[in-house]
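Protein chains: 4
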Amino acid sequence: MKSKKDFLKDAIKHIDIKQYNVVPLVDAMEHMAFSARSLNRAARIYDMMLKDRECGIILTLAGSIFSAGLKKVVCDLVMNNMVDAIVSTGAIMVDQDFFEALGFKHYIGTPFSDDNLLRDLHIDRIYDTYIDEDELRICDETCAKIADSLEPRPYSSREFIWEMGKYLEDHDGPKVDDSVIFACYKKNIPIFVPAFSDCSAGFGFIMHQTQNPTRHVSIDSAKDFLELTRIKLKSKETGIFMIGGGVPKNFTQDIVVAADILEEDSPMHKYAIQVTVADERDGALSGSTLKEASSWGKVETTYEQMVYGEATVVLPLIAGYAYHKGSWKERKPKEFQRIFSIEGAVA
Amino acid sequence: MKSKKDFLKDAIKHIDIKQYNVVPLVDAMEHMAFSARSLNRAARIYDMMLKDRECGIILTLAGSIFSAGLKKVVCDLVMNNMVDAIVSTGAIMVDQDFFEALGFKHYIGTPFSDDNLLRDLHIDRIYDTYIDEDELRICDETCAKIADSLEPRPYSSREFIWEMGKYLEDHDGPKVDDSVIFACYKKNIPIFVPAFSDCSAGFGFIMHQTQNPTRHVSIDSAKDFLELTRIKLKSKETGIFMIGGGVPKNFTQDIVVAADILEEDSPMHKYAIQVTVADERDGALSGSTLKEASSWGKVETTYEQMVYGEATVVLPLIAGYAYHKGSWKERKPKEFQRIFSIEGAVA
Amino acid sequence: MKSKKDFLKDAIKHIDIKQYNVVPLVDAMEHMAFSARSLNRAARIYDMMLKDRECGIILTLAGSIFSAGLKKVVCDLVMNNMVDAIVSTGAIMVDQDFFEALGFKHYIGTPFSDDNLLRDLHIDRIYDTYIDEDELRICDETCAKIADSLEPRPYSSREFIWEMGKYLEDHDGPKVDDSVIFACYKKNIPIFVPAFSDCSAGFGFIMHQTQNPTRHVSIDSAKDFLELTRIKLKSKETGIFMIGGGVPKNFTQDIVVAADILEEDSPMHKYAIQVTVADERDGALSGSTLKEASSWGKVETTYEQMVYGEATVVLPLIAGYAYHKGSWKERKPKEFQRIFSIEGAVA
Amino acid sequence: MKSKKDFLKDAIKHIDIKQYNVVPLVDAMEHMAFSARSLNRAARIYDMMLKDRECGIILTLAGSIFSAGLKKVVCDLVMNNMVDAIVSTGAIMVDQDFFEALGFKHYIGTPFSDDNLLRDLHIDRIYDTYIDEDELRICDETCAKIADSLEPRPYSSREFIWEMGKYLEDHDGPKVDDSVIFACYKKNIPIFVPAFSDCSAGFGFIMHQTQNPTRHVSIDSAKDFLELTRIKLKSKETGIFMIGGGVPKNFTQDIVVAADILEEDSPMHKYAIQVTVADERDGALSGSTLKEASSWGKVETTYEQMVYGEATVVLPLIAGYAYHKGSWKERKPKEFQRIFSIEGAVA
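Residue numbers (the numbering used here), protein chains in the order written: chain B, 2 to 348; chain G, 2 to 348; chain W, 2 to 348; chain A, 2 to 348.
No wet-lab data here; the hints were simulated from the structure. Source: prediction; values computed, not measured. Among the clues, some could well be false.
Intra- or inter-copy, both count: the list cannot distinguish identical chains.
Computed cross-link-like contacts, DSS-like style, restricted to lysine-lysine with a CA-CA straight-line distance of at most 30 angstroms [what the hints assert, rightly or not]: (1) K14 x K292; (2) K292 x K52; (3) K146 x K52; (4) K292 x K19; (5) K14 x K326; (6) K3 x K187; (7) K14 x K237; (8) K292 x K326; (9) K326 x K167; (10) K292 x K167; (11) K167 x K330; (12) K235 x K6; (13) K52 x K188.
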């Protein structure tokens, strides 16, 4: 009988785009066709965003990409002022980033697993990756502990994630080299998780609310929307860099309309790129084209590019291109987190 | 120059599964291969859920399926005690169902549109469907009005959607024959939208919160999770019928783990079917197999079936099969909404 | 240890579209969106082809669809004058249709198989379907026998498949109710397999040529192209009904250009529908749109429709719709096979 | 009114993998998940093939990849003894490789084209790439001319393609730096196109056969199959590197069975990798897994890897990895073309 240790041996290692100068390779793709050419154009549009002084850059993340080795890529974007706000699924930020910051790891597995055996061993599978379920429970509980420590009131996910960064700081920092939550905490970059209960944090919240039935922390997703809209209102121009679709994509596109509704005239997202394998023909949002988004008044069509590809291969090329082009060196941090501190949204 | 009227001419009509006895057709698919056979098995598993007196049935909805003509299918499931709780994206429930309940329509369009022209005309496009943007703004505002009318405190999406049903009742009922929100209101079927700000309601909420900066309604997604978990705890057995993936899929699978965390021993979902075109190879949740979910302890593998297909074609066949088999006739409504009334969660 | 019999128990049964009047169901799809609406339009375009007296209808087949239970659908189209020529992969016509005509069957299996065990048991797997490898060898050998019996010269695939039909007639007819090869033989409907060696017949050919190194049958794919082009030249208007893509799609689209090259002015395909799940973004032919084909002068854009869906579910609906609409009742068989008999191409 | 020149301005440039040492990048992917990890494993399996002295390497090509800028990649594999035989679609070898060898080019276009206008201008579109239809006609005619010059008899595609290489040599060589047909001609590497009429050459063949109705060149696809099977019989071990699926994939997998049928005991393909975006769930061959192939006795499961990705991005990484690892430096050319010269198959 195999034990848990037999399965949890080889840890996922995060790719370091700083090590690989892919600029010449990606430049060559400009003159090809299909995904190569669209990847090249997306990389150049991202570089345009970085050169545009007026442009606030919002990164949206969906899909299980940090467990897949892409955490350090995003960390490097954060540390080098290549992104000004992040909108993410809960799984990426809590189950994966915060989880690793607590000292736990993801492991190399295989899709050809006996899932009933894995369940018996308390191993969770994400396609070809394994997680220790017992470690994940500790992550849940840590979220509950953070909630317990806070003044009972409605919080935006951004506020709570800031508290998670603070928790890490107060506990000798992350147990790993790279944590996006911690890096954003230090760099004043807000992180939003619009469906915040739909992850490990959610388990923490229900522990917290069950134990504190009348006075407790609640997670106000409306506040999230309002706060992200405020960022749009503060930033003259915006560009969005979307990995996958889902709620983060929709939410971030919607702030243009929200800004308009708040009666402060706001331009569409000037730049927009998306990496996805989703098809547009089923009508779902994840695969809907950026041209379609322009009918909604969300995205300008001049600098938009969809890239048909899976993120683990495509993101290191796009992000690596932009990193090695170096346009970020001239770029000042926007520190959008300060919008809320000044306004008193963070205590 | 074309006007808005030239584009918004032919309204989407919702298919009525009660009119088409597809049982013999779907039965024939049992002996075929590929999607036909998996569709047949999914339909039979759904029928098993309906026959299982102990089984609470949770329907999850993602993708733009009500604007595509599938609203009446879900309405018929609701009216005939074929579903006990719904977990949905906001777009389906608010931008599509509530929107139509206010008297507005979706229109037949084409993916080969000039999206810049559509934007100028205030027409929003969903692949091959058009919406009047100005009517959508009225939907946003109605949500704001409802929020304005409520006592300021954190609400679960379930509570707020119940208020939307009440709003319809107080305003002479829906302006169309079928409204899922209204039908569920009448039938005591809870509806959850875990990412509730990510839709037309979100626009209403930010209007409301902007105008009421200190005392206002907030949307507590943690409460959603807790409430849906309570349904799992009350229902001995559960079956999930998933259209598309996204947050509704993940959220509903997670309640098994949540129930376990609340230390009340709770079985996995006994039945699980999903209709999707998403691929599993990018590791994203929407296409992840139900066998993978079983490694997480969420879904039993005995009665699970993925169907590879697009919902507008597949759902009428699966739902129509179960409707015409008639097992629902013996089924009692579970009225899970009452869990919360009794506990005082609804004022 | 399991034996072959444990796996080869439940035979695939072919769906009989004549039993299910899907016209009202498919009519309802006209007013929906996404695949349902495109399915409806494709069905109506097929019905238009059947009503157009001048229109020769070419059916192209790819994907493993006969082993999946769609053989009888095509047989019914053949027997009811709903198709005038077929262009297919070799697997469908030889490994599947001729194979079953020899008395063998396909069996229900599962994608979650131990493929090494299957190999040891001489069981071949197609996703969720099993085949007895030893029976397939008999099919190979029968093709070799037919080749041995013919005058040594180059043959088009159409000629050889006609000989396969004759072989069945000379051996007391097919051992099953339905055989497309036999039905087409009786109805003078030509069948083309442009990559004819790429199937069970290919194994037969190499046995034949190895045993007859100097004087033997050869398979002239250029002759195929010339013959199919002649059909285009004889038929004033043409419509193509494509299931999947691959060589059959490309080959059949190309005959418009071929007809043009032979300097006889020939119109484009007037009608064109395709059922496919292939994506267009990788630039491969199978997923390339019919609008793209119109840039090549192959397909008119007025009556073209792609349907995004898997054939086992979609084909019974489209073919069933056209069957029950009954426009074929007024339609005369075109018997394109006679073009070649008169010209002496068949001995 | 736009003219042809307005569209045919920017030529596709083929990527040169020799310029980009992607080894460190691809090595980093070993420790990630999803496509990155499978890409890494495929690259390492390809390197294993190159190190295995007994292993003959067969490259299969499908999809419109040479028009997309991948021609030089394949040329470099040929010139550096990294491939021993090629099995391809006709479009890649004739419409794209031979076409460019005649001095013509592919041009950068867009999928958002007015295809009716393109048709009027004699511009053919492949997703986001343009071709001059009039130049393609010259390519057709050149194939006809070559056929006219040959002794009338059945030819394998391999033989005819060798004649195309000779034609280039006799006409001062290719008009471009790289031609796979010419490189293979010089290096004695056989190229097979099992559906040879399904491309520009097919147009040439029908011109030739129409003008020479009784004595003419024919294309014997059975001979193709026999010849490729002979290569399998001569080569102790084989590895297959598949780009896309289609007939080239199926044909090349089938030679294992063919070798077995010719009663000479032949091992399965020892190594097999495939790059594809095709789904397995529709049962079509292009997306069928290599594990499924092992049930047919075609592929060993020890060293097989599917990579889910689009070729323009993935192939430069896999081929570039193997090139820069340099294992090919120790590798001797197998010159399988000589099998047929010695046996007199080529006049």
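| task | Measure nothing new, just compare the shortest in-copy and cross-copy C-alpha distances for K146 and K52 to 30 angstroms and report within, between, both or neither. | result | Classified as neither; 42 angstroms inside a copy, 43 angstroms across copies.
| query | At most 30 angstroms between C-alpha atoms: does K52 with K188 qualify within a copy, between copies, both, or neither? | reply | within (20 angstroms within a copy, 49 angstroms between copies)
| Intra- versus inter-subunit Cα pairing at 30 angstroms for K14 with K237 | Neither: 38 angstroms inside a chain and 38 angstroms across chains, both beyond 30 angstroms.
| message | With identical chains, the pair K14 and K326 could be close in the same copy or across copies; at 30 angstroms between alpha carbons, which is it: within, between, both, or neither? | response | both (25 angstroms within a copy, 22 angstroms between copies)
| request: With 30 angstroms as the alpha-carbon cut-off, assign the pair K292 and K326 to within, between, both or neither. | output: within (28 angstroms within a copy, 38 angstroms between copies)
| task | Please work out whether the CA atoms of K14 and K292 approach to 30 angstroms or closer within one copy, between two copies, in both situations, or in neither? | result | between (36 angstroms within a copy, 26 angstroms between copies)
| message | At most 30 angstroms between CA atoms: does that hold for K326 and K167 within a copy, between copies, both, or neither? | response | neither (33 angstroms within a copy, 46 angstroms between copies)
| field | Intra- versus inter-subunit Cα pairing at 30 angstroms for K235 with K6 | value | neither (50 angstroms within a copy, 36 angstroms between copies)
| query | Is it within, between, both or neither when you check K292 against K167 at 30 angstroms Cα-Cα? | reply | neither (40 angstroms within a copy, 37 angstroms between copies)
| task | Have a look at K292 and K19 and pick one of within, between, both or neither, based on CA distance no larger than 30 angstroms. | result | Cα proximity of K292 and K19: none, with 33 angstroms in one copy and 37 angstroms across.
| said: One pair to classify: K292 and K52, alpha carbons no more than 30 angstroms apart. Within, between, both, or neither? | reply: Within one copy, since 24 angstroms is at most 30 angstroms while 38 angstroms is not.
| query | Between the shortest in-copy and the shortest cross-copy C-alpha distance, which are at most 30 angstroms for K3 and K187: within, between, both, or neither? | reply | For K3 and K187, the Cα distance exceeds 30 angstroms both inside one copy (42 angstroms) and across copies (52 angstroms).
Violation of the numbered hints given earlier is confined to hints 3, 4, 6, 7, 9, 10, 12; the remaining hints are satisfied by the structure.
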